[in-house]
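Peer 1: Please arrange chain B on chain A, whose structure you already have, making use of the hints.
2 protein chains.
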Amino acid sequence: MPEEDFVVTPWEVRGKVDYDRLVQQFGTERIDAPLLKRIQKHTEELHPLLKRGLYFSHRDLNWVLDEYEKGRPFSLYTGRGPSSAMHLGHMIPFLFTAWLQKHFKAKVWIQITDDEKFLFRDFDTLEDATRVGYDNVLDIIAAGFDPKLTRIFFDTEYIRHLYPLAVRVAKKVTLSTAKAVFGFDASNNIGQIFYTALQTVPCFLESIEQGRNVPCLIPCGIDQDPHFRVTRDLAESLGYYKPALIHNKMMPGLKGLDSKMSSSHPDTAIFMTDTPKVAGAKLRDAFTGGRATVEEQRRLGANPDICSVFAYYTYLFAPEDPYWKRVETECRGGIRMCGECKLELGGHVMEFLKEHQLRREKATGQLEKFLVRD
Amino acid sequence: MPEEDFVVTPWEVRGKVDYDRLVQQFGTERIDAPLLKRIQKHTEELHPLLKRGLYFSHRDLNWVLDEYEKGRPFSLYTGRGPSSAMHLGHMIPFLFTAWLQKHFKAKVWIQITDDEKFLFRDFDTLEDATRVGYDNVLDIIAAGFDPKLTRIFFDTEYIRHLYPLAVRVAKKVTLSTAKAVFGFDASNNIGQIFYTALQTVPCFLESIEQGRNVPCLIPCGIDQDPHFRVTRDLAESLGYYKPALIHNKMMPGLKGLDSKMSSSHPDTAIFMTDTPKVAGAKLRDAFTGGRATVEEQRRLGANPDICSVFAYYTYLFAPEDPYWKRVETECRGGIRMCGECKLELGGHVMEFLKEHQLRREKATGQLEKFLVRD
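If you're matching them up, the sequences are chains A and B in order. Under my numbering, think of the first position of the first sequence as 1, with each following residue one higher. Under my numbering, think of the first position of the second sequence as 1, with each following residue one higher.
FYI, nobody ran anything at the bench for these hints, they're computed from the structure. Take the hints with a grain of salt, since some may be wrong.
Identical chains blur together in the list; that is why a pair holds if it fits in one copy or across any two.
Stated by the list, open to error - Taking lysine to aspartate or glutamate and the EDC-like style, the derived pairs with C-alpha atoms no more than 20 Å apart in a straight line are: (1) 172 - 124; (2) 172 - 127; (3) 172 - 122; (4) 51 - 321; (5) 172 - 128; (6) 325 - 29; (7) 105 - 146; (8) 37 - 122; (9) 51 - 32; (10) 325 - 185; (11) 260 - 285; (12) 249 - 29.
Bound conformation, chain A alone:
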């Protein structure tokens, strides 16, 4: 099926994803210039992930801003399925959510789905999933959340507060719906089939805590959208607003714009605990839009449009437009060679990792400020 040569589900992203087609298939809306302008009214600067298109799609974001502008704040909900150490790709939703929190003073609910990752992956024990989750939480806290406005919880630990609502959700989702949305078959286990009920619940936690209906905005990878289509279909029947969404594309791996960051291939991604030496080596081996020879590149210029290294500048490491433009111009103009460009990016990445790792270290002493259990 050449027309459908990619697959995007909450548990699998395969093939070269056509995001335009995905927007159409999923029925979401593109983030356009007027919407960006509207966000910017409240944030002054736009986050590079937003203005440079990694956050590209949404549902009901205009409504959330309508409410906000009427003085009704919204909550944010995002999460992490703990399957491995975290890399830059995993950090995207947290970096972006922390930025939204800062600018909109929004309460953030962060779900650690240790149950999901045990049910869907080959962890030998549930404890392994929980343990990896605790490691991940350090990176999440290091993304810069405000402890007063942030609640991080593990499904298995916070379940007393999740399960009664999950049961109400589950009663409204037929097996037929779950099969249609997630593609389950007879070989799926019954925990996998139930799980989406638990992913729905955190949308409503702020409303429960406040005792009144509070809009919820979910920054998440577009692959998670199917869960929230289910949520949106039933939210109002439970007395809550439909959650709004803002979707990111998969940030490309180091092996080209269509490559994925993969925990099982560590050279495809910068991990948050990589040493400068390891990170530097990965960048040195990254795929670029460079020419076969230095001479040719000086003469013809390189191509940032296919370059993993330039993508990293774009999304995270060149927040100032003039600098970002200069990198691009020098690249296209044959002034900037790939080696030096990688070294320069390496400097930014190492600075970023150094600061992250300091915050991560500090986070070990802050867990209790962020975690809710009972």
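Peer 2: Chain B alone, transformed into the frame defined by chain A:
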């Protein structure tokens, strides 16, 4: 299908149940005379429900007794899906389990499945199911459990201790298995499909509390057996013993031996909170094996083999064999008329209800001795 004209699932018992066929279909074992004798070694008297055949089937009960006789105690697990006020039929497993507890000094775990009853029935809210559960718990405590050896818990309240293990269970149960065992189809909701994982967990709670493997015996209606077939298939892979089971038939309703006690038809059952007047009126209208006229009955005798009233003597209200035998002989001999027999049973029932209602009243102040929540 005349050969399969009855249905027994955890959620539906329909038609005239052929228990012999059920034993064969489900692959359980009959409780036979040697097994009764073996139990009696430890209990001196046999409970009427046991010696008169309402408890009729089992799995691995001999093994539980083997272990017990080697000095390794077992735990008991039973439960209640709170759907209405409790009647005598609902009390059967609790009366019997309390008797087992007393004679074997066994820890009892009692699960109140408020989640299940919300998922499978038309409660408007989950709170309704929990509320009815709290009312039912009073009757359960009144069955005579030892507070030091009994833990009663609600699924929604104790979930922190149930869910992590339920997830481990759920990972081992495919949708295919759930469909085959329970007959689910695409219209079932995903909570119903997951639920069996929660019904499995309490088998293992005593092992978890003790930190070592403890055999578990489950007294339950034969209709609940499908859940525990699933449990038994996976128990050992989780490191636990397969639970043993002892099954009761459905105690007949007041409208004949094939009639069911039904909460929606209150005249079919004695409810635990019935007043003497109400209970008396129900017994007066009960189906008997009597003849058309007094004269005929004096001449030909009545038939206790088809009589609801005699069944009540048999299972609960004539524990002493000589008395029970006398009732039967007088009935068959035309000496005992149905009216007086009902009045006599009424006396026993009212005495039983009076004592139960006193214990029930007392139970309101004992909830905290029995309930575990966190």
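Peer 1: Now tell me if each hint is right for this structure.
Peer 2: To see whether the hints hold, each was checked on the structure:
{"no.": "1", "hint": "172 - 124", "verdict": "between (32 Å within a copy, 12 Å between copies)"}
{"no.": "2", "hint": "172 - 127", "verdict": "between (30 Å within a copy, 16 Å between copies)"}
{"no.": "3", "hint": "172 - 122", "verdict": "between (29 Å within a copy, 12 Å between copies)"}
{"no.": "4", "hint": "51 - 321", "verdict": "within (10 Å within a copy, 87 Å between copies)"}
{"no.": "5", "hint": "172 - 128", "verdict": "between (31 Å within a copy, 17 Å between copies)"}
{"no.": "6", "hint": "325 - 29", "verdict": "neither (28 Å within a copy, 80 Å between copies)"}
{"no.": "7", "hint": "105 - 146", "verdict": "within (9 Å within a copy, 53 Å between copies)"}
{"no.": "8", "hint": "37 - 122", "verdict": "neither (44 Å within a copy, 49 Å between copies)"}
{"no.": "9", "hint": "51 - 32", "verdict": "within (10 Å within a copy, 78 Å between copies)"}
{"no.": "10", "hint": "325 - 185", "verdict": "neither (49 Å within a copy, 58 Å between copies)"}
{"no.": "11", "hint": "260 - 285", "verdict": "within (15 Å within a copy, 75 Å between copies)"}
{"no.": "12", "hint": "249 - 29", "verdict": "within (14 Å within a copy, 59 Å between copies)"}
Going through the hint list in order, the structure does not satisfy hints 6, 8 and 10.
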